[in-house]
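Let's have the full structure, built from the sequences with the hints guiding it.
As a plain string of letters, each chain reads:
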Amino acid sequence: MSRFTGEMLSRAEELVSLYPDPRSATIPLCHLAQEQDGYVTNEAMAHIAELVGSSAAEVQGTASFYDMLKLEPVGRYVIGVCTNIACMLRGAYELLEDAEGVLDVPVGATTADGLFTLEEVECIAHCDRAPAAQVNYRYFGPLDRESFETLVTQLRNGDLDDEVPPHGTLLRVRREAPAVIPMEEIDRYRAQEAEREKASD
Amino acid sequence: MPDELVAVTVDNHSFQVRKGVKIIDALDDIGVHVPRFCYHPRMTAVGMCRMCLVEVKGPRGPSLQPSCFMDVADGMEIFTESDAVKKAQHGVLEFLLANHPLDCPVCDKGGECPLQDQAFAHGSGETRFVEEKRHYAKPIPISRLIKLDRERCIQCDRCTRFADEIAGEPLIDFAGRGSTLRISTFSNVDFDSYFSGNVAQICPVGALTATPYRFKARPWDLLQSSSTCMKCDMGCQVSLQSSQNELTRMLGIDSDTINHGWLCDRGRFSTSEVNNVDDRVLRPRLRNQDSVVEVSWTKALRVAAASIKQAIDERGASSVAFLSGASMTLEDTYAFAKLASDVVRTNAADGAADVRVDGTLLLANPASINEALTAKTLVLFNVDPKNELPVMHLRLRAAIHSGLRVVEVNTTPTDLTPIVDRWVVIQPEDLAKTVDEAVAAVGDDRDGVVIMAGCRDRAVAASLNTALVAEMLYRFPQAKVLSGVARGTNALAVGFTPNAPQGIRSTDGVAPAVNADAILAGALRGEIAVLVLLDTDLVRLGLTEEDLVAFDHGTTVIALNTFESLTTRHAHVVLPLSAYGEQQGSTLNIEWRHLRLGRQVEPVAQARPAWMVATELASGLGDELGFLTLADIMRDLSQSGGLLAGLSYHYFADSLDGPLFPRTRTEPAQVRRVLDPMATPGIASIDRQGANFSAGNVIEPAEALGFGVNTGVAPKALQSPSVAKREGAVALDPLSEGEYWLHLVPRLYDPTPELMANPFLKAAVREPVLSLTAAQAESLGLVDGDRCRLVGASAVDVLVQLVKDDALALTVQGVTPATLRLIGDQSWVKVRVEKSNG
Amino acid sequence: MTERIVGARLHYEDSATLERFLATGGDDGLRKAVLEMRPEEVAAQVMTANLLGRGGAGFEAGRKWSMLRKAPRRYLVINGDESEPATFKDHLLVERDPHQLVEGATIAAYAIEASFVVIYLRGEFALGLERVQQAINEAYARNALGRSIFGSSFSVDIVLQPGAGAYICGEETSLIESLEGKRGFPRIKPPYFPAVIGLYGEPTIVNNVETVSNLPWIINHGGEAFKELGEGRSTGTRLFALSGQVQRPGPYEVEMTKITFRDLIYGEEFGQGLRPGRSLAAFIPGGVSAPWFFPEHLDIPLGQDEVAKAGSMLGSGSVIVMDDSSCPVRSAWRIARFFARESCGQCTPCREGGAWIDKIMRRIEEGEGREADLDLLLDLCDNISPGIKWPPAQTTICVLGPSIPPSVNAAIQHFRDDFLIHIKEGRCPHA
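Protein sequences appear in the order of chains A, B and C.
Numbering of the first sequence is given in my numbering, commencing with residue 64 and proceeding in unit increments.
Numbering of the second sequence is given in my numbering, commencing with residue 5 and proceeding in unit increments.
Numbering of the third sequence is given in my numbering, commencing with residue 2 and proceeding in unit increments.
Derived by calculation from the structure, the hints in this document are not laboratory data.
No residue lacks a Cβ here, since even glycine has one placed at the ideal position from N, Cα and C.
Any given hint could turn out to be false.
Coverage of chain B stretches by chain C, computed from C-beta distances (three or more under 8 Å per stretch; other residues unrestricted) [what the hints assert, rightly or not]: (1) 48 to 59; (2) 66 to 73.
Restricting the straight-line Cα-Cα distance to at most 27 Å, the calculated cross-link-like pairs of lysine-lysine (BS3-like) are [unchecked claim]: (3) B/90 x B/61; (4) C/390 x C/360; (5) C/190 x B/26; (6) C/390 x B/61; (7) A/261 x C/33; (8) B/151 x B/766; (9) B/91 x B/137; (10) C/33 x B/808; (11) B/151 x C/183; (12) B/23 x C/190; (13) B/90 x C/71; (14) B/90 x C/390; (15) B/380 x B/484; (16) C/360 x B/91; (17) B/313 x B/303; (18) B/151 x B/220; (19) B/380 x B/437; (20) C/259 x C/228; (21) A/261 x C/71.
Following this line, the structure appears as structure tokens:
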């Protein structure tokens, strides 16, 4: 478990194949690991290191740099209340306090039922709907205590399942395209073009 | 070629500086010191700490620029003393200190700490930081040898850069971001590297400390001298430090010709075994059947001399054999070489049991390390630098990344294989083809080839290995050769082995003719009356304890040893030798460079240097060697002609490395060594940390030599038969059904008495493993973690380990007493694989 | 009537669909480019248009392209890592007009003859990521991407890369590091431009989402037409993101230089002013890295040079409005805290200085400040950005650290009394 197997492994290999250098797939693979397990497990990081040709310490170094990549388990829904300036000016800290009250957990914690993790986040570019929040990176706003409560209830009841997949699933649209053109082939195209250019000049 | 120069101004004074260097290096050259933390002259500049900011005038006026990152340019105006520079340096220092704990009094780095020194030089007397400092659990072990204190870390990236860039083992990396950026290993994976100690040395604060040194001493109490690591013949230059008559640590010195400041852990932490008196041979003793008695030196020497004399008288000089596989000092080696050849006059003497290639090939046209690393093509032949000459592995990695073209010819891959230009496998089935492939891999440009020739794979007999190296040299007659043999240079250089070229030392004594294998075989047949062992454990040469017991019937074993072992337990006369750091002297490295050895502590208990024992034995035999001091030995050796003509201690008086031998070899003027083991981050620390030649017991220059310096006598002519012509000599009998060619390769931490005496390193010893690819394992019906039985000269149980990469053949990693028993007298060892009963 | 370029489709409910895209001139620019123009002709149009980069630095896109080092391989990276606080224009464009982005990226790829294109989108834009991936898939399906685009001899692939939550990756060299699978540590300069050494060490162009979204229009209408909009160096239109304490925050596409901040904040078709009874305390003209503006700056036009002349920057085009009910100490602290949290940690002044300033500001905001803290703050700012001037000098590797001082300095200089009340009375005058 936690290493990529079956379909996840073939998706992982496809991601690696997209780039001229396999290491570029590191972050997409971390997202894939989160889709599989909800967070990036140690086993997944070790496997990613094998797939892209880095050391596990390097994959960890990368993964631990980014806020979205969780190295510890989180709830099914990670709720991030934005408190950056635009939201703050429109009541974000009050909303955050309300959120703590509604979920009955402090910022950074996960509810006992494992459903919600509450975070305070930096600007999510939803400032025209301030104060705003994201649930697994799906955006909501403007929110107040009442609408936040409603949101939580809907999530709990599964009313938003279509809109908000469990934490870790980022893209539900998969790449549908022919295999990436090998760089060598592109190199040849470009060289031919340059030749043609030279001839026409 | 002289460096091209450009004109710059520094603080309004004009200077000519080397073109294309970093500003910080140019400033160092003209004596202007810019404070720094992250910059290390042997690693890529990263410009992270911002301590080295200087002002550089640009089109829009002066701006602050990291001097470690920007190259000098003609006409550049640099300011190092302006108010803006001073404020920036002050500011950066204050930022670095903001979260730094105030535990200097209990910090190992205290007193030699660049942060402390630079705070003293550039910082303010008081702190403006009244907030809570960062806290982490501390210290945490990141390996058996290294502890990490993340609160002290200043995120300079030196350790992580070393691991990634220099060692190629990125097992530590930053984790987190911003103010929580910290050094981390992955999960429970240790920073398990042969080179881990370097990160503690180059850490500019006390964040990374070496466990063996923690809380052992205060820097200002340390005495030190310049010395050479003796764990292999790379010759790494070190500062050997001691406190209260105990070795405390070794730090690498940046020798441009040798180790660039790096050390391997085997060498760096070898002081711990010297200090372990429980495992040292402390006093002379005699054994008679079951009784062991400690005796005086006088008595022990008398017994030893008497048994040698008796053997000579009764069975002839050849019944006395001298044997060593150790790295002894040049002086010790020479003393015993002379004892054997001139006094005992035996031809059974081999002080280079580990050398399994004809020394003539190594010495005919020798290359220096730097010549090898700047060759047009370097051929690695049957050598695994990482496990045999570890720091050479680092030098090779750096050279390959700077464009060195390497053709690796080995029986099984090494850690360099992934980055070499061409890889040629030595195929037992078709050795002629192997040579052809290697030649083809070098290509048409055959000038400027250097061959680094070793004897890594123990399954390949010395004669075959020699034939292959000879064939390579025949194909590349202009090639220079760098020795890839881990131990034995001193014995080769003084002709204390049959492997040495004839005439390497002029003597009217008896030249060695019986090599280590033949000596051991003779001893086992009862043909050797007295076996004199020099710091050597016979078990490491393939004998069993039963063999040792059997010596009670007819062979007197005189063991001069530093550490206890099965050999000392069963020897009849045991004489305690002084250890590394307990005696002065000198040594030669793989490039035949003469290097100094410092003495920092008194020999433990009654231990003595081997050369003294040799002179005593000579007089016990009614003769004399003719020397009473090291200087006498040096003079004698220098006058013995051959390779070492012109040998002296004189050149050690300056801060350069010794010269290459024979002295006819030329090399570019040496770069003065960067003596500061920290690689110059501080100001005060430069003085404090440089190996101080006036401290400790540095060898005094000898008197002027009273004779002209001879050029080296040309070693015996190289025979150059081609494989094609003498196919038979290098063609092996094919395998029988169920047989496999064996590969038996050493690892750095293969067990030896010294290693087992090292409390910090002995845990690194692993049992030997049989590496197989999945396909090989399947065909043998084995899986990862199985045990199986290899049947060669005798049967040995080994652990099976599946390897992912293309280890091309059945490879046993680990040369141990057990695996050595697989070796018989074949040219290439064949084995059968059986399922183990266990 | 405001000209609309990048936002022309946004008033359609279904602006994100392929049908709407194709029905409203979609693909025309790309077809024209690859079928009728040579790459350098495309680049020449962009040079003529004087299209300024919309990411924040405002560097001319055409000039950037012209600096590309000659090499067999060259890469194009579209920077959609929009994370500058109060900036939400790219968010809008990727969610609401993803096809235009893909078309623009393909035109840019053609113009610079890129070997490979990556659209790097902020990881938090889950919906945007899905829509852009859908648009890429549909582009392949109709041969607007891949081999021989629209039958031309031009072939290129676009790969969508999600970020993973790090503001610094908006900086182009750290975005490249991130794209190489590493921590987003900005690269130390020189080389100053990825156009010389970029992705995998090859020459690389990094263009912002809004920048390339302008390209279809420029190709269709010509660089001259684009240049006719706006004035001076500020040509075309821009999507301004208005946020904070205004009645109607939102994205507004306006012709450059033609309206003032007063128009944007108070105008009926834009922000519609502050809440009743409130007066303007300050506003930030171009993202939180920019020095603050005050009521006396309201009549400056929305143009790059005009704002620069007044001592700030138009940056990412986000305008944050603070009325007199807001606490400037708190606002400055929140901005400082943002940068402290987003510092990559690579270089000392930003890693340590940012965190330290955050702690002091927070202490003051919570009523635990000391008067000496104000001078200390300014001195720490000075040690990150010597002189605290504009444009900023720096002791750091990148400009993230030097983005802290403008807000701290503006707040201390203009609202010193607010600080002193916090410090001396332990209370916030705006609470």
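Between residue 259 of chain C and residue 228 of chain C, is the straight-line Cα distance small enough, at 27 Å or below?
Status holds; Cα separation ~13 Å.
Is the Cα-Cα distance between residue 151 of chain B and residue 183 of chain C 27 Å or less?
holds, 26 Å
Examine the stretch 48 to 59 of chain B: at least three residues should have C-beta closer than 8 Å to a C-beta of chain C.
holds (count 7)
With a cut-off of 27 Å on the C-alpha distance, tell me whether residue 151 of chain B and residue 220 of chain B pass.
holds, 14 Å
Has the given pair, residue 380 of chain B with residue 484 of chain B, been kept, meaning a C-alpha gap of at most 27 Å?
Roughly 11 Å between the alpha carbons, so the hint for residue 380 of chain B and residue 484 of chain B holds.
Between residue 390 of chain C and residue 360 of chain C, does the CA-CA distance stay at or below 27 Å?
The hint holds at about 23 Å.
Pair hint residue 33 of chain C and residue 808 of chain B, alpha-carbon separation not exceeding 27 Å
Cα-Cα ~52 Å, so violated.
Please work out if residue 90 of chain B and residue 390 of chain C have their alpha carbons no farther apart than 27 Å.
holds, 19 Å
Given the hint that residue 380 of chain B pairs with residue 437 of chain B, does the C-alpha gap stay at or below 27 Å?
Given pair residue 380 of chain B, residue 437 of chain B holds - Cα atoms ~23 Å apart, limit 27 Å.
Quick one, are residue 190 of chain C and residue 26 of chain B close enough, alpha carbons at most 27 Å?
Distance ~14 Å between residue 190 of chain C and residue 26 of chain B Cα, so the pair holds.
Sort out whether residue 303 of chain B lies within 27 Å of residue 313 of chain B, counting only the CA atoms.
Cα-Cα ~15 Å, so holds.
Would you check the hint for residue 151 of chain B and residue 766 of chain B, treating anything up to 27 Å between C-alpha atoms as holding?
Roughly 18 Å separates the two Cα atoms, so the pair holds.
When the structure is compared with the earlier hints, violations turn up for hints 10 and 13 and for no others.
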